[in-house]
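The numbering of the sequence shown is the numbering used here, which starts it at 1 and goes up by one.
Bear in mind the hints are in silico, worked out from the structure with no lab data behind them. All C-beta atoms in this analysis are idealised placements derived from N, C-alpha and C, irrespective of residue type, glycine included. Among the hints, erroneous ones may be present.
Label pairs and their computed distance ranges (CB to CB) [said to hold, decoys possible]:
| # | residue 1 | residue 2 | range |
| --- | --- | --- | --- |
| 1 | 202 | 119 | 19 to 29 Å |
| 2 | 22 | 211 | 41 to 51 Å |
| 3 | 191 | 27 | 34 to 44 Å |
| 4 | 258 | 22 | 25 to 35 Å |
| 5 | 166 | 100 | 25 to 35 Å |
| 6 | 166 | 264 | 49 to 59 Å |
| 7 | 287 | 210 | 22 to 32 Å |
| 8 | 166 | 220 | 30 to 40 Å |
| 9 | 108 | 156 | 20 to 30 Å |
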Amino acid sequence: MTGTASLAYADAAPLAAILARLNAADGLYTTAIAGLKLFRCSTPTEPTHCLYEPSLAVIAQGAKRVELGEEVYEYRAGQALLTSLDLPVISHISQASVERPYLGIALTLDSRTIMQLAVEADLPPVREAAPRGLRVGGVSDALMDALVRLVRLLDEPAAVPLLAPLIQKEILLRLLIGPDGARLRQLAATGSRGHQVARAVAWLKQNFAQTLRIDELASRLHMSPSSFRLHFRAVTGMAPLQYQKQLRLQEARWLMLNSHLDAATAAMRVGYESPSQFSREYSRVFGAPPARDIARLRKQTFTTQSPAESATHAA
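Kindly produce the complete structure, drawing on both the sequences and the hints.
Dropping the structure here:
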């Protein structure tokens with residue numbers, strides 16, 4: 001299944017020109033502006049399992065493909081990917097070259113700021129069903145203009161503390177009054193189904209190694225088990241147990257790669273009681289048994305992997 005996307009494209013050339021000048025080499029760049037990251041990559045990348053955080057990602061040049069469960073989202077220059085809660089995905093840059101490298105930005109979104117702006121703007125409460133937490137769509141000219149002005153501030157370090165918060169507030173407000181406004185308010189509004197799912201996701205992130213008891217988690221959220229399962233899948237594209245498994249396997253992979261744990265130890269650390277079950281599920285998700293997969297990743301890390309490939313942001 002392919003994710004729904006608007007066909008609108010904003011003129012991304014001004015943003016691409018700034019990013020090409022600021023980022024002379026491939027990589028993921030943090031900036032002096034809180035929550036803003038820049039990306040450059042000169043080659044297509046292999047599919048990478050990662051956790052996308054709530055963010056607005058905009059491509060200035062090139063294209064990317066993201067898989068969430070059984071859904072596929074593709075977006076390119078002038079389009080954006082909006083992620084409204086933490087989601088385990090598979091992503092890769094699908095269009096990039098030395099002559100025309102992939103260029104993009106990601107801006108972290110804060111739910112409290114979103115709700116505060118919604119109240120200040122007197123936006124109506126959202127009553128429809130909880131939407132999917134990932135969406136590809138076009139970028140309006142006004143939103144692109146605000147994004148370009150935000151990135152241009154990196155040329156004026158002294159102005160960043162005063163002007164960046166104002167432009168970021170404008171960006172959030174334009175999102176709230178645009179096609180995705182209801183989506184953002186639904187996931188941030190206390191008491192809404194979307195907000196209840198967001199709370200469940202936050203709990204799972206903190207407690208993924210624990211045994212997941214659907215009845216107990218649903219009760220914690222004041223939902224019936226059946227309603228919880230229905231709305232969780234509607235927002236995340238997967239069942240709660242699938243979500244937990246993705247978190248466990250990604251954490252185990254990180255532990256083996258960066259902390260040099262063996263597979264059995266990593267499996268127990270993330271909540272598996274059976275090393276053989278861990279190995280089977282790991283192979284099914286990552287395409288190879290743990291030892292072989294980690295050996296391949298280490299080789300890539302030291303020889304071919306761009307820093308942009310391992311980013312946990314949507315850009």
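So, going through the hints one by one against the coordinates:
For the pair residue 202 and residue 119, the beta carbons lie near 22 Å from each other, so the given range of 19 to 29 Å is met. A hinted range of 41 to 51 Å holds for the C-beta pair residue 22 and residue 211, which are about 47 Å apart. In this structure the supplied range 34 to 44 Å holds for residue 191 paired with residue 27, their Cβ-Cβ distance being about 42 Å. The hinted window of 25 to 35 Å between residue 258 and residue 22 holds, with their beta carbons roughly 29 Å apart.
For the hinted restraint 25 to 35 Å between residue 166 and residue 100, the CB-CB distance of approximately 33 Å keeps it satisfied. A hinted range of 49 to 59 Å for the beta carbons of residue 166 and residue 264 is consistent with their spacing of about 52 Å. The hinted window of 22 to 32 Å between residue 287 and residue 210 holds, with their beta carbons roughly 27 Å apart. For residue 166 and residue 220, the hinted distance range of 30 to 40 Å is satisfied, since their beta carbons lie about 38 Å from each other.
A hinted range of 20 to 30 Å holds for the C-beta pair residue 108 and residue 156, which are about 21 Å apart.
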